[in-house]
Structures are given as structure tokens and as C-alpha cells.
Amino acid sequence: MSNNVPAGLRYTKEHEWIKVEGNVGYVGITDFAQHHLGDVVFVEVPAVGRVLKAHEQFGVVESVKTVSDLYTPVSGKVVEVNTELESAPETVNASPYDNGWIIKIELSNPAEVDALLDAAAYDAHTKEA
Amino acid sequence: MSTVALIFEKSTTGKRAITFPKCDVPEVTMETLIPAELLRQKPAALPEVSEIEAVRHFTQLSRRNHGVDVDFYPLGSCTMKYNPKVNEQVAKMPGVAFTHPLQPAETAQGNLKMLYTMEQWLCEVTGMDRMTFQPAAGAHGELTGILLIKAYHESRGDNDRRKVIVPDSAHGTNPATAAMAGFEVVSVKSNPDGTVDLASLKEVVGPDTAALMMTNPSTMGLFDPNAKEIAAIVHKAGGLVYYDGANTNAIMGYVRPGDMGFDVIHLNLHKTFSTPHGGGGPGSGPVGVKNILVPFLPVPVVEKQGEQFVWDWNRPQTIGKVHGHHGNFGVVARAYAYCLAYGPELKEVSEYAVLNANYIMAHLRKYYDLAFDRFCMHECVLSAKTLKNEVGVKTLDIAKRLLDEGVHPPTIYFPMIVEEALMVEPTETEDKATLDRFIDAMVRIYKEAKEDPERVKSAPHTTVVGRLDEALAARKPNLRYRAE
Amino acid sequence: MRYIPITQADKAAMLRDIGVSSTEELFAANIPADVRLPRPLNLPPALTEMEILTHVRDLTKANADLTEYTCFLGGGAYDHYIPSAVDTFLSRGEFLTAYTPYQPEISQGVLQVIYEYQSMVCELTGMDLSNASMYDGASAMAEAAGMVVAQTGRKKVVIAASVHPNFRRVVKTYMHGIGVEVIEAPLDHCELDLNKLEALITDEVAGFIVQQPNFLGHVEQVRAIEQMVHAKGGLYVVCADPISLALLEAPGNYGADIVVAEGQSLGNAPSFGGPYLGMMATREKFARRIPGRIVGGTVDTRGQRSFVLTLQAREQHIRREKATSNICSNQALNALAATVYLTLVGKEGLREVACLCAQKAHYAAAQIARLPGYKIACKSAFFKEFTVNCPQPVDQINRQLLGKRILGGIPSSVDYPHLNNAMTIAVTEKRTKAEIDALVAALGEVK
Chain B
1 MSNNVPAGLR YTKEHEWIKV EGNVGYVGIT DFAQHHLGDV VFVEVPAVGR VLKAHEQFGV
61 VESVKTVSDL YTPVSGKVVE VNTELESAPE TVNASPYDNG WIIKIELSNP AEVDALLDAA
121 AYDAHTKEA
Chain E
1 MSTVALIFEK STTGKRAITF PKCDVPEVTM ETLIPAELLR QKPAALPEVS EIEAVRHFTQ
61 LSRRNHGVDV DFYPLGSCTM KYNPKVNEQV AKMPGVAFTH PLQPAETAQG NLKMLYTMEQ
121 WLCEVTGMDR MTFQPAAGAH GELTGILLIK AYHESRGDND RRKVIVPDSA HGTNPATAAM
181 AGFEVVSVKS NPDGTVDLAS LKEVVGPDTA ALMMTNPSTM GLFDPNAKEI AAIVHKAGGL
241 VYYDGANTNA IMGYVRPGDM GFDVIHLNLH KTFSTPHGGG GPGSGPVGVK NILVPFLPVP
301 VVEKQGEQFV WDWNRPQTIG KVHGHHGNFG VVARAYAYCL AYGPELKEVS EYAVLNANYI
361 MAHLRKYYDL AFDRFCMHEC VLSAKTLKNE VGVKTLDIAK RLLDEGVHPP TIYFPMIVEE
421 ALMVEPTETE DKATLDRFID AMVRIYKEAK EDPERVKSAP HTTVVGRLDE ALAARKPNLR
481 YRAE
Chain G
1 MRYIPITQAD KAAMLRDIGV SSTEELFAAN IPADVRLPRP LNLPPALTEM EILTHVRDLT
61 KANADLTEYT CFLGGGAYDH YIPSAVDTFL SRGEFLTAYT PYQPEISQGV LQVIYEYQSM
121 VCELTGMDLS NASMYDGASA MAEAAGMVVA QTGRKKVVIA ASVHPNFRRV VKTYMHGIGV
181 EVIEAPLDHC ELDLNKLEAL ITDEVAGFIV QQPNFLGHVE QVRAIEQMVH AKGGLYVVCA
241 DPISLALLEA PGNYGADIVV AEGQSLGNAP SFGGPYLGMM ATREKFARRI PGRIVGGTVD
301 TRGQRSFVLT LQAREQHIRR EKATSNICSN QALNALAATV YLTLVGKEGL REVACLCAQK
361 AHYAAAQIAR LPGYKIACKS AFFKEFTVNC PQPVDQINRQ LLGKRILGGI PSSVDYPHLN
421 NAMTIAVTEK RTKAEIDALV AALGEVK
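Residue numbers (my numbering), protein chains in the order written: chain B, 1 to 129; chain E, 1 to 484; chain G, 1 to 447.
Keep in mind the hints are simulated off the structure, nothing from the lab. Incorrect hints may have been included.
Derived coverage of chain G by chain E (criterion: at least 3 residues anywhere in the stretch with Cβ under 8 Å from a Cβ of chain E; other residues may be distant) [claimed, not checked]:
| hint | segment |
| --- | --- |
| 1 | 19-33 |
| 2 | 36-42 |
| 3 | 73-84 |
| 4 | 134-146 |
| 5 | 263-275 |
| 6 | 290-300 |
Glycine is no exception: its CB is placed at the ideal position from the N, C-alpha and C atoms.
Chain B with its partners taken away, still in its complex shape (with noise of 0.2 Å):
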């Protein structure tokens, strides 16, 4: 199985990702992720505004069979949700890492993102899995 794991992004250990531009950040689910989900049939993002703080739970995606927890990767407020994932979240397994983004959040401590994973060391630890 190929498991993708962009270089430009930071990850977790719960398999989140964040794409940081500026003082924003995408967040989402890793292929990994999507992989052992199977087919998404839902997700359940946090309302606009709320604030985070890092590792807090702030959704949840859920296949046929599962559903997993989210948490942010870091802390902030949730400035825009994925709407497109309410018709259409199959979009989280076809494009994990694009189009199927979950929440943009606005940093509160962008030092956090130096705590995450670098593409290196979370793609350690998907095969130490």
C-alpha cells in the first residue's frame, strides 16, 4: 500500500495533519488514516469560532463500521469548516490532503507547530503501527 505523506506538512500521532500559511493552518486526516477508516460516510466538524486548545477533540469522522476521533494539532480558533464534506465525504478518502481538508484554525502559539511530526517521522511511526 502507498502510503503518502507530503513532505511540506507536520502530523500527529493521531494521524491529523496541518498545512500552515501564515498565521492559518489546514487540518485534516492522513492517507493513513483514511486507509484504515475505509469509506467516510460522515464528519462532524466543530462550529466556526470556537476556540481550541492543542490536542483537544474538535470532530469526529465516521465510516460504516468506525469513527474516530479528531484533535487539533494545535491551539486557535476555527475560522471556516469544510461545508463540501456534508454532501460529499468521500472526499476525505479520494483527497486527504486537498479537498478533503476538515477545519482552517488560526494559530493562537505558532510555536506548537515545531512540536509536531515532520513528514519523516510520522511516516516512522505509520510502520511502527
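Once you have looked at the hints, place chains E and G on chain B.
Leaving out everything else, chains E and G in the frame of chain B:
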């Protein structure tokens, strides 16, 4: 058998199956009785069919369904034993079926005596002191039991006990129940055989422990020999122990949860005590308690005063009620008849349940992986792990291929601590030829998996419908009929 | 050895294959000696089928049952007519002895019945979706309370004091588990005091629960209440009498967020309180919060329409401690009874049943009101139950009625002390004019 249309699709305006006698009291216009603003404007679009159309519809549907009465149903953890028909006769007797829950106790002495007697019998079987029949199912019994424990701690001012310990091999209802009762769930590690890891338990237990929930035998079908010690560890920390009685079919007459130190238990009458599953219910989940929890039992409680049976509502420490009335009395009546049929021979029920499971295990271990190499109790856990690694055939595929054999597959993917698990519980009510037929089918599928894996992976082939698109069902929920 | 078809010869062969000489070895390998029960179970000796039937028949002789006594008791359990064909299907082994439809390919029968049941519940209640049923109306109501708390995040629930007393007890028991306060909205005679209710509905209240018609039989001002509840951002839970929904407006059409009901009236015998049928329906926006099983339509690999349990990720076997509820089973057989019942009576028949109940109840009330010393407790409208003030303590009256093989109404003052010497009487479509007249005569004759 092609698909059966929905009953709505068979409707024709104006048709009816049942009519009623004309109104024999002087009629008045409805608007004079009930204000217009409260009256229904548009009637509910219920079906409109004749009686024969209705009867054929439901008969055809029934023929698209498997039941214990049809063939083998070895669902692990569900105890799909034969449902005796005399129990149905009992449940239909006017004195059972046509009694009202609110009729005065003096007019229901037969029913109160039945509850009282059944309580005594089940306490004898389980080693507990008192029982309530209000919970309508196992999960309902679990909630009741945990609420009893909560009330006990609260009555002693012991308000910091916020945690319930649950083994990671446990059934999903256990942690869900603890959460519904406001507790935090703490997982304790199971050993590979599903028994509780004592070292892990000692680490996790403490002054914030309200209770431990466990089942014995475990969900692996293996008896935890340390049950007494586990209870002692939890008691020493000030917590209570809850016994999930789903697996009682393995132990009747051999060992009793009350003797193992459990403070509160639930039984599943629709498992161990032969009441029919009905397609998913109704069940009955009576809860048994030791004396320390008696004051908190739901009201009313059946008591005997002289020769009379009464409802006792005067219980100031009760947790209240968990059911609108007295629980699923019609189900309890069936279980009562079952107890009459066996008496002390209930021990043979467990004896043969365990014999049958071990017989299957002895034969299938030559082909499938054994989750644990030990004599099992009433159910055995196999695994398709090697098959999956070798030819990519998973437990799910094996289950679907079994459908072509006319047999309901075992429980799949449970317990979660075993990879590609298959949990087989034959029960004591199967004849040897049926067991052999199942074994042969499982062996045949194993061999087919090796020789022609695609045939197994694309099963079922002969059922009325093939595999269903569950992703579609969840993504685009279609949960009711809507007329075009 | 009643239902164990293994012969001694079979047993010997099986033990040989397992590699043991007795079943005792299998138990000894598992259970330590120090917990073993050292004696036989102390239970009465096994009976044959004939003896079982005789035993239970003798036992139940000590019961008054509804085939010999005329029933005017209601309170969530009613003596409605059950068409013969209902029982035909409760006895079919494919329905009776099946388990939860986890393997949909061989469970299309049960799955389609439940889909049809869900559809009928939606039609009756005017809501978007229904679950596959819950244990009974009371626990469904308690689960609805849990739902409104989970949805709003608020920790208070208000419930009308005119809701069935047992249902209120169950709600309180469940809510105590999750630390939610349950506040009772008081009555003005037989219905809610709307002024006091308004004061209780604050923005800390997750939802309000009302029963329509209420326990005393009378109708509540459900439209006015809806406005109060929604004005403060709470959710509106209505507990409806399913038979009444052929006559009274569907809660979905006056703004209910969740509808629950006790479905016993639909083809299920009174059975001393259970098994009954908890109905629950809600709006589409709450689809992922509703507890219990749900059946959905889909297609199979051959493109055929078929049915499957869906939205299972909410349930205990997957979500575990984060499940919407711990509920595992439903009341499938009772839901089947309801589905068959609603099919047999049909659209027109259910309305006919409801009208007959209403006409007969009103006739009974009018006749009783003419008796000296009796007075209908409230002026407000009612459906098939009503509350009567009596000239004597209700227990005494009921004892005398029993002598005439009549089961009189529920004594109201136990739970509603302000209604002195009152009883709540139920009249269903089964009560003939002769039976009603006999009740009236008996009430007139009490000493």
C-alpha cells in the same frame, strides 16, 4: 425470490382489512368535543390494503428471514438457543397477556407470585439476595446496576468515586452504560485469554473507583480463575463489582457470581433462559443484588405479607424507576415456564453448552487459528488471521460464504482484542448432525479460500440479496418511505 | 434433558474427539475448585409440558383478567382491539426466533418490517425519521431528555407534572445518572399552568417534555407551549398517544423536535406492563443524535433495493463510552405487531378507532356527570381518558366495582393530591354502550 414491494407501494385508496362495529353511543361532531386547532388536518398516510394482501406481504417478508427455528444460529455472546413453544402458550394465557399493570395487587396475585417465585429461583441460580425484573434488556440491566452502585456510594457520602473500570475485552454496552450513569470509563488490560490482568488492575484501582464491570467467562469464552481475587481487590479499594451475565449459559449449577464476590449482576432472559429474540427484542435483563444494594432497588418491589403478595412503594432510598411499569412481564413469564421445565437440571444446560462449543473447537482448530489454546466454555473464539495473511480472505468473507450454507454466521470481529475474530456459540440445543454440518461447512470454506479465494470474497451467492452497500446507506440515509 | 438433543452415544463420540473422558474435565480446566457450587441447585423438580401448562393456569386463576373483567383502566396501557392476524405473525418462527439483523443478506424480512415501521411512525408523528424502537414509552422519554441535553449542552430539563407519574420517575432516574436537574412544571387543575411554565423555561433549560393528551386524559395547549420553549432556545419533546394521532394534530406539525410514545396501543397486549414499545421520532438535523437502531434503504451488489442497519457508528458496539446511548436491543417483535396492526386497520381504520374512543369516552363522561356526587374534574377537552371527582374514596368505589367484574379507573389523588377522591377512566373502542351503562349504574349504586 425477488424483492417484496413496500406495503405502501401495495396500497389502494379506500381498501381496508379490519372494520369496527358501528358506534353504539349517540355521536356528536368532533369539533364540539375537541377544539379545531388541536385536530389533525391531514391524516397519516398509512397503508390501505385488504387482509389477504397484508397477510401475504408479511408472510413473504418472513420467508426472507433466518431464525433459530429455521437453522443453526451460532452467534457468539447471543446464546441463540431453541425457544420452547410451551413458553409461547404461557405468555398468551389470558391471565398473563390480558392483565393490566395498574390493576390492584389483590387482582393480580398470580402474577405477583410468579415474580416473587422467579426472583427466588434466579437468586438460587446466581447466588444473589434479591432481584428486580424492571430492566427490559441486558443493557438496561447494566444501567440499572450501575445506578444502584452510584446510589450506594452517594448514600455513604462517598462522592469522589467517579470511575468505572472496564476490561478492554468487554462488550460495548459496558463502557456506554458507565458513561450514561455519569462515570468516567477506565480501561484495564486483558490478558490474551481475555482474563483481567491483575497487575494492571491494581494500578488502576483506587479511592476514585466506583465499580468494576466484567463478565465471566470472559468474552473470549474462557473463565477468569481470579474472579474472587479481582472482587477482593476492588472491594478493598471501596468499589463494588458488577457481573455482566451475558455468559451465564456456561456456568449454571457449576459456579455462581454471588459466590465469586459480585455485588450486582444482570441476566439476559432472552439468552440464557430461552425467551425468543424476536428480531432484536423484546428481551429482559433482571438485575440481582446482594443485601447492601437492596435499599436502592427500583420501585415497586414485590413483597410477601402473610399469604398475600403486595407492591412495596415505600422505599425511601430507591433509585426510582427504569421502566414505565414492571418490566417485560410477558418475557419473564416465558422464562418462568423454562425454569419449570428444567428445575435443577439447568446444570445440564450448561454442561451441554460447554460440550458443544469444545466439540466444534476440537475440529476447527485444525484449520482456523485458535485465539487461545485452552478448553473453552460455552463459546470458542477462532481467528482467520492466517487465512487473511496467506490468501487475503477475511472473517467477513467467511461469514458471507456461510450464508450460502443456510447457516447464520458466528459473531464476527468481536472480541476486539482478537484479530479477525469468529466467536462461535452453538448452545446446548443443537443436535450432533447440525454441529457436524457446520464443521463441514467451515472446513469446506477454508479449503475453498485456499483454492478459489475470489469465490469466498464475493459471497454470498445464493441468498435473496448480495452484499449491501452500507457506505451508501450511511452517506445518503434513506430512513423512511416517502410517496412520490 | 428437555431441549437437549445430544444422545449419550453422541456425547461419548464428542468427548472422544475433544480428547477428554468427561465434561467435568472441561469445567475443571476452567473453574477453580474453591468457587465451585458443591451441591445441586435448589429448584423444584423438572416438569413436563402438560404439567407446566396446568401449573401456570392454576397460578393465574388468582388473577382478574381483561377477558372476564371490563377494563376502564388506562394510564399508558390500554385494552384496545388486537386483530387476529397480528398474532399470526408474532408466532412465525422466522420473525419470533431471529436475532438483530446484523447479517442483512438473511434478515431482509425483519429489516423491511422495521423500515416500514419507521415510515409509519414518521407518518403518525409528522417527523422526519424514527428509530427501530426502544424499550417502552417511559425509557424513550428518558432517552429523549438525554438527547436534548447532549444537543444543547444545558443541564436542566423541565417536565410537565401532567406527564405519567411513572414516566417522570424514569426520566429522573436517568437524568440523575448524568447530573441533570429535572424540574416539574405544576398544574392548574388538570392541565399545565402556562404562566408558571413560562417562568420556568429559561435559557438554562435544555428542553421541555409534555404529554398529549396528559395522564389525566386532558389536552394541553401544545401550540402555545411550543412558542415558549423555542423562544428560549430549548427543545420541545412531545409524548403522544399513538391512537390519538389519527384525530389530534401530529406533533411534527406544531413544532416538536422529538416525539416519543408508548406504542402498546398498537397491536400489543397489556401483558401486565410489558413487553411494550418505545417509539421515538425526530427531525433530520438530529439524525446522528437519536439513540437506538435505525434501518436504512440501500442497494445490493445486484442493484436490488434492500435494507440494512445503518448509522451504527452512533451505537454502543462501535462508539462504546461515547455512544448516544447504551441501548443494544430494541422491541422488534412489538414493532412488528404495531406495523401489522397499522397495516390492518389502515389509514381509515385508525381514524375510526380514534373516533370511537372519543365518542364512547365522551358518552361515558356525560352519563357519569349526571350521577349525584360525581363531577368531571376539568372543563378542558379530552380524548379517550378523563378524570372524575367521586363522592367517596376511590379505593372503596373500585372494590365495589370489582364485585361487579369491572376494573375501575386509576386513583388520581395518589399522584395529584389536589384532585380529591378522583379517578381517571379510560374508554376504548372495545367498550360497548352496555358495558359503559353498567359502569355508570355501578357508580351510581356505590355505598
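Hints and how they fare:
no. : hint    : verdict
1   : 19-33   : holds (count 10)
2   : 36-42   : holds (count 5)
3   : 73-84   : holds (count 7)
4   : 134-146 : holds (count 6)
5   : 263-275 : holds (count 7)
6   : 290-300 : holds (count 8)
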